[in-house]
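Asks: Once you've looked at the hints, dock chain B against the given chain A.
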Amino acid sequence: MLRKRVAIQDFVAETRLFNHRAMVAMLLVVLMFCVIIYNQYQLQVVSYQDYQTRSEGNRIKVVPMAPNRGLIYDRSGILLAENKPVFSLELVPEQISDMTETLEQLASLIEISDELKSSFLKQVKAQRRFNSIALKEQLNDTEVAILAANQHLFPGVTVEARLSRNYPFGDLFTHALGYIGKINTRELQQLDADGEAANYAATRDIGKIGLERFYQQALHGIMGYQEVEVNNRGRLIRVLRSVPAVSGQNIHLGLDVGLQLTAQQVLKNQRGAIIAMDPRDGAVLAFYSNPSYDPNLFVHGISSANYNALLNSRDKPLINRVTQGTYPPASTIKPHLALLGLETNTITPSTKIWDPGFFTLPNSDHRFRDHVSWGHGWVDVYTAIMKSCDTFFYEMGIKLGIDRISDYMTKMGFGERSGIDIHEESSGIMPSRGWKRARHNQPWYPGDTVPLSIGQSYWTTTPLQLVVATAVLLNNGHMATPHLVTAFSDDNGQTEHKPSLRPVINVVNPNNWRVIMDTMHRTVKDVGGTAHKAFAGADYDSAGKTGTAQLAAIAQDEKYDANAIDERLRDNAMYIGYAPYDNPSIVIAVALENAGGGGSNAAPIARQMMDYYFAAGVNNDE
Amino acid sequence: MNEQFSGSAKRSKLAMFHIDGPLLLGLLALISFGLMILYSASGQNMLMMKAQLIRLGVALAVMIALAQVTPQTIKRWSLPLFVIGLGMLVAVLLVGHVGKGAQRWLDLGFMKFQPSEVMKLAVPMAVAWFISSHNLPPKIRHLLVGFIMCAIPTLLIAKQPDLGTSILIATAGVFVLFMSGMSWRIIAFVATLVSAFLPVLWLFLMRDYQRQRVLTFLNPESDPLGSGYHIIQSKIAIGSGGLEGKGYLQGTQSQLEFLPERHTDFIFAVISEELGLMGVLVLLSLYLFIIGRCMIIASQAQDNYSKLVAASFTLTFFVYVFVNIGMVSGLLPVVGVPLPLVSYGGTSMVTLMAAFGVIMSVGTHKRMLATP
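From first to last, the protein sequence lines are chains A and B. Be aware that the first sequence starts at 235, since it is given in the working numbering, and climbs by one per residue. Be aware that the second sequence starts at 33, since it is given in the working numbering, and climbs by one per residue.
Next up, chain B with everything else stripped away, as it sits in the complex:
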């Protein structure tokens, strides 16, 4: 509880750089575990390892940089970031770069940029900024504004179309509302509303390929060589790993490339196959540790904005983990979410570490402001 004063010299040094020791430890452990798996999943490709290391380096730098910024400053950025993000989403729809059948990228000349990544942070930040400017629990009209703040970017991103990301972003915003103490009655009401909305989603908003994914999820064996191939091979990889796994670098499903996307979205199947249920438990423990530590930081934060943002980021992180593992192991449809900090590549890694930067900022700046 009182790390600041009971910690070692090293810890205080960490605190000086606004770094939360346990969280950093958890993250580094997860990253190391991820790199070890990537080495196997990439077919021992050193070029990929190098690229991943560089990406991790950049992401860690972003995290540490953001940790230096006070929550108050971050709070001040929330609304402008949200507005800029919305503007960019509109720009993407108008002039965006078309890749893989969807307009998601904005070409800035020197780099391609995905505005939806910004919104992953900006939406919960903006909603938290709005909600925390009133007393908790929020009133219905505030909740309504909060929902609208979630809905606008969600619809814009869904239009790109990127249904997976849009749902994740909506979820991140809704988490803020949930944590702010939205009454259970409203939660039940919203849940009913969402269920009622599902048929609309299916009939009018979902593209053919998205419907196909859901159908394949419901019955992957119906098309074993087509769209069901991914999930069948993935389940074979997981199941054949057994309790102890086939051994590091020994996974036949992954090493012989029966497993598709083995180093990106389906890397969890590689862990399951090579390290077995034991390896999976280690991975889940690491995630649970990180999530738990972040939740502690959130609950110890001194202002509502910090609490809400930190908790929302934490839960969103969990959702990534759950959705990825769920889809790889056949619990959820395939939606193309990478396994956080383990899967190869993705701009999402920088976004993710930026979120941890914000959480660290929340965790390390409170005392200076609130010492009695």
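Chain A with its partners taken away, still in its complex shape:
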């Protein structure tokens, strides 16, 4: 039917028309192919470098590797801070299809508290892509075994072994070593400002206090990294290049485990501090503040209950009493003042004064009492120190005046930070006219100088300052910078750390210095010396000075009665001492809070420390 209607067909014209159209079509096809080729040329030749770079950026990831933190040893090589492998359960959220389900199943295998779960989920939201996030840290052996056996059921879930800081001696070295903890935002900003942030890319912890903080840079080391090829899911295909991390330096301390243990044992529940130093170079031999606490609590983040308990404890364990405990030095600074008296000719070795049991300023009837109320009678500098006569020093102090005292004592290190290698240090107070004006907006009165002459009133010192100042006496006016670290070591060997002594006081007459040594010697040796009883029978020759700091004001006609006043207001017992007398290798300071008299409480503790020191031959290793 249709065929009939198309009877007249012009084959030639139709063929020509079709062929023409076919030519046009083929031309268009070729043209379009040229467009494709041009575009390919643009992408593959012109922009090749750009896309090549982006392609490499896709597949190559740089994985930073944290260096191992340097270890800390005591003077005989006993490990005080180590890196222990701990296992943690970690998840890569992108590789887990059903998080709720996975968490539920994991919780059926090992115990996972809801607190852990919610803090984990919070971290998931905050983290970058393809980072593994710890669900539970510090897994025990059983948990590790259970998880390892079920690993294949949980894609994206791994048990990771990481090195974690551990302090095997617990609370014994806390105030010296400090501890490490997770890097916080403020520390991160500081690292950024110091240009150190890149080096910490893989590091999770940082020294928070103590040596761990002071020597953070040396202990940390240098980050390593791996260039790895990854696929689109971030899975590692192969390692292309590896630059190993350089471990942090190990540090070696002058501290001795035995001496520390002795300090802890002799202090028992007594609040206070003991510091022992080698006066020849300033190496710290013992450094103990009581009460202490376990630094391991802080390494994995301390619970708020534990932290509050430490923070709010009446005994203030977080205070480093060696360097932050500021106590009135009391009579322990009498040798130092006496030296000033001799060097300024305010007194001579033969100067004698009459002590009726009190001292009064001219035109005043206020009595500054001696601790022996009936008086010491005729007293020279030897007796004054040996028996700790106050009146002698009241009188000498008034003659010296505040300016000379303040100036000389500042040179000895009082009122100044010692520069020990931890940051937690107080400067104490060495009062002066300027200080009183600034602090109390009052002029300095002679009545202020009198109690200052026996280390009371405004004057406060740290136990560390007492050993440093005493070492100045032993070193003829040279000051040793106290330091806990005595050496650094790494794979290339050991380097000593020995800050040199620096002169702080000019010696006017060397004989004066010998007199002062002699007075301290007699304090221990002579019957009637305040430390004689404490050191009776010691098989080494030592010297020292006791101190009893009065905390409660006692009315003019009242008598001090330890039992009658609040325990927290009882006298502090102080002692400084050194041995052997003719060639001292240890100088020690003991401060006991509210313990009572220095001679009967602090001196015996120093005695026990020295006993151990000599018996064990702590400092004989050079």
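No lab work stands behind these hints: they were computed from the structure. Where a beta carbon is used, it is the ideal one built from N, C-alpha and C, also for glycine. Some hints here could point you the wrong way.
As the list claims (entries may be wrong) - Computed, partial: chain B to chain A, Cβ under 10 Å:
#, residue
1, L168
2, F210
3, M211
4, G213
5, M214
6, G271
7, L288
8, S361
9, T379
Said to hold, decoys possible - Per the computed footprint, the stretches of chain A lying under chain B, defined by three or more beta-carbons under 8 Å from a beta-carbon of chain B, are:
#, segment
10, 263-273
11, 277-284
12, 459-466
Replies: Okay, now just chain B, sitting in the frame of chain A:
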């Protein structure tokens, strides 16, 4: 020109089975090249290779089978196939199987079937049947009927919704009209009409995801981890291949799976990355050879129906190639068209080879009918 008589014994054997030698050679070369790339793009997955080989085998069998049918018979099937196809499209809309958010599949019990695939062949065949029943060039009223024949299935498929396929089918029909000698004035008029229709398409016919694709195409870097990810990774793969490529099986973008859909729609990026611009030129040469050979067959066909159908199939094949490469290399929006005979899978491969079967039939049956 005179292969029949100057060819070797082998060629005459090929002719006996109604197979066009050069076209078969071109197709086999392309298929081999494709298989080689698929081996790399699938991550050397032998199961995929096996599935692809089976599919190719079936498709080749369909091609050879169709080549045995004379163009006249095929012409007679055109209208019934078109009507059946339309019926199935309506059925799909009514009872079709919903997959990937679209109704495209008809469940026949033993297999799922995509009626739009039939229409890829049936629409140009039916339009060619209608146009060739009148003198060329067609009159305006014939063209109008032709456009309507294109429009009905196009709208039905667009409603599934499968915009990409519907446009391709419309294109296949329009190619028939173009080849039949539709005057340039009308072409210009239609082009204007289509441009005017684009805003309507954007506002009323396109789904959100389709609009998103176009927006992403215009600025892929705006959403590098979302919808722009495909095209960015694809361009990185292509660009980083350079002139000579990273080497066979060495493409980091594809082997490490940064490139999505690497063995299906984006396989062209794998070729570009591993074989470089050189490999791309080889691929384009193969396509150009096949297209050119088909166009020669079309222009040598003896009746208008054969010419129009063969040319339309050829140009549609080219459009597939161009759209796929265009979308993978960032010239066109992502529309989900596989690279013909290279991409893994798809019912489209059978349809494609069926079209080549028809072209072969056109190329090999003419002499027996038209020897003077």
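Asks: If a hint holds in the structure, say so; if it doesn't, say that too.
Replies: Outcome of the hint check:
| no. | hint | result |
| --- | --- | --- |
| 1 | L168 | holds, 4 Å |
| 2 | F210 | holds, 7 Å |
| 3 | M211 | holds, 5 Å |
| 4 | G213 | holds, 4 Å |
| 5 | M214 | holds, 9 Å |
| 6 | G271 | holds, 3 Å |
| 7 | L288 | holds, 4 Å |
| 8 | S361 | holds, 6 Å |
| 9 | T379 | violated, 25 Å |
| 10 | 263-273 | holds (count 8) |
| 11 | 277-284 | holds (count 6) |
| 12 | 459-466 | holds (count 4) |
Checked against the numbered hints given earlier, this structure breaks only hint 9.
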